[in-house]
Every structure is written in C-alpha cells, then in structure tokens.
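Enquirer: Can you make the complete structure from the sequences, with help from the hints?
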Amino acid sequence: DAKTTQPNSMESNEEEPVHLPCNHSTISGTDYIHWYRQLPSQGPEYVIHGLTSNVNNRMASLAIAEDRKSSTLILHRATLRDAAVYYCILRDSGGGADGLTFGKGTHLIIQP
Amino acid sequence: EPEVTQTPSHQVTQMGQEVILRCVPISNHLYFYWYRQILGQKVEFLVSFYNNEISEKSEIFDDQFSVERPDGSNFTLKIRSTKLEDSAMYFCASSEQGYSFYGYTFGSGTRLTVV
Chain G
1 DAKTTQPNSM ESNEEEPVHL PCNHSTISGT DYIHWYRQLP SQGPEYVIHG LTSNVNNRMA
61 SLAIAEDRKS STLILHRATL RDAAVYYCIL RDSGGGADGL TFGKGTHLII QP
Chain W
1 EPEVTQTPSH QVTQMGQEVI LRCVPISNHL YFYWYRQILG QKVEFLVSFY NNEISEKSEI
61 FDDQFSVERP DGSNFTLKIR STKLEDSAMY FCASSEQGYS FYGYTFGSGT RLTVV
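Chains as they are written, first to last, in my numbering: chain G, 1 to 112; chain W, 1 to 115.
Do not take every clue at face value.
[As the list claims (entries may be wrong)] Mimicking DSS-like on lysine-lysine, the simulated pairs with C-alpha atoms at most 25 Å apart in a straight line are:
#: 1; chain 1: W; residue 1: K42; chain 2: W; residue 2: K83
#: 2; chain 1: G; residue 1: K104; chain 2: W; residue 2: K57
#: 3; chain 1: G; residue 1: K3; chain 2: W; residue 2: K57
#: 4; chain 1: G; residue 1: K69; chain 2: W; residue 2: K57
[Stated by the list, open to error] Only some residues are given here: those of chain G computed to face chain W with a beta carbon under 7 Å:
#: 5; residue: Q42
#: 6; residue: P44
#: 7; residue: Y46
#: 8; residue: G50
#: 9; residue: D98
#: 10; residue: G99
#: 11; residue: F102
[Stated by the list, open to error] Calculated Cβ distances over 10 Å to all of chain G for the following chain W residues:
#: 12; residue: P8
#: 13; residue: Q11
#: 14; residue: T105
The hints are simulated quantities; they were obtained by calculation from the structure and are not laboratory data. Since this is a predicted model, take the numbers as computed values, not measurements. Using N, Cα and C, we set each Cβ at its ideal position, and we do this for glycine too.
Expert: Written out as structure tokens, the structure is:
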C-alpha cells in the first residue's frame, strides 16, 4: 500500500473547524483515500473516503488536492466527542478483501 | 444503525489455553476481518474472510490462529495456545463488498489478557 504521512497530533477548540492534513505523494491513480477515526477505548470508525473529487457526508468533508498527493479531512464544527486518533489510509481500487494498513494517525485534542 | 457485535468484551486466559473470540457481523455484509491492537500500538490486520474461506492473511496470522463462520451469523477467531504477547484488543470488522470504495464497520473489540 502507498504510504501516508500525518502529523502526530493536533489541537483545536470546541465549536471551531478542524483541518487534518494527510500527505500521500506516492499515491497511484487507482488508490482511494479513506479516513477512519478511533475514539478512546473503541474500535476504528469509518469517516469518509474519496477518489478525486471533494466529498461531504454527515460526519466530515474530504478535500483532495488536484494532483491527489495530499488531502484534508475537515470537521466543520468540532465537539469534545471528536477527540480521537484520525487515520488516513489508501486503498487500491483493485478490490478484493485486502486489509487496511493503519499508521499512527493524528491524535486530535479538542479543548473546551 | 447496524452494528458489529463482539463478545466477550474482556477475556482473561492462562498462557497455553485456547480462546475463541466471537463476532456477529452486519447481516448483509459479505466480507469479514479480524484486526488486533496491542496496547499503545497501531491497529494491525490479521485476516480477511469471504465466501467461507480466508482471502488474505498477515504474517501475524500464523498456525496458532484460525477463523470460522460456523453458521450464518457468527464469525470467530480462535487462538489455539495463547502466549503472553497475544494480549491485545481484537477487533472484528465487516464490509458489504470488498471493493475499496466500501468502508468497514468495526466492532468495539474484545480485550484479551493472557496471564
């Protein structure tokens, strides 16, 4: 799997937007960009994914650079419940039951 | 919202004993997975399962591990002879399809402690 690079940690204030960056300079044309998060003492949770276009869902937005070498997960209005480790993961579109390769992710701290 | 259910939430076992961790994936999902997370470390892929057979497995998934779908709803991970280093959180996950544009749904995990 192509490698991703994320900051170890970020801090934000409650009710403010949060932009979580991810670099994936070796991404291939067929890789999807997935984001998961892991709240304390819980299993990972799917957040969002995209291929080329920006994506929005009820949890977050995903902004993908035009060259696809980086992406940003946007939480529009952070709450204390959004404090978690956020993982940016690439998955080849070839399909099959391949496993996800988790890195260390970004530990997001939300200040009240 | 549909959930992946794992039981038990915490299991303590003696070294050398066999353990079975149980999972009930989401009912219309076809792909099933086990991951583990040793305390303070990354989430690691163990195995994927589709159409009643293993599709992919990692180096961690050696002969001590096995998986089974004994009926239409349960998915189990068996560790035959547990070692101290098997102590970890074990997460089950399922996916509707195996294509990379589908997300996974993870369970809350089973904390396995080997003493």
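Enquirer: What are the numbers of the hints the structure violates, in ascending order?
Expert: 4, 8, 14
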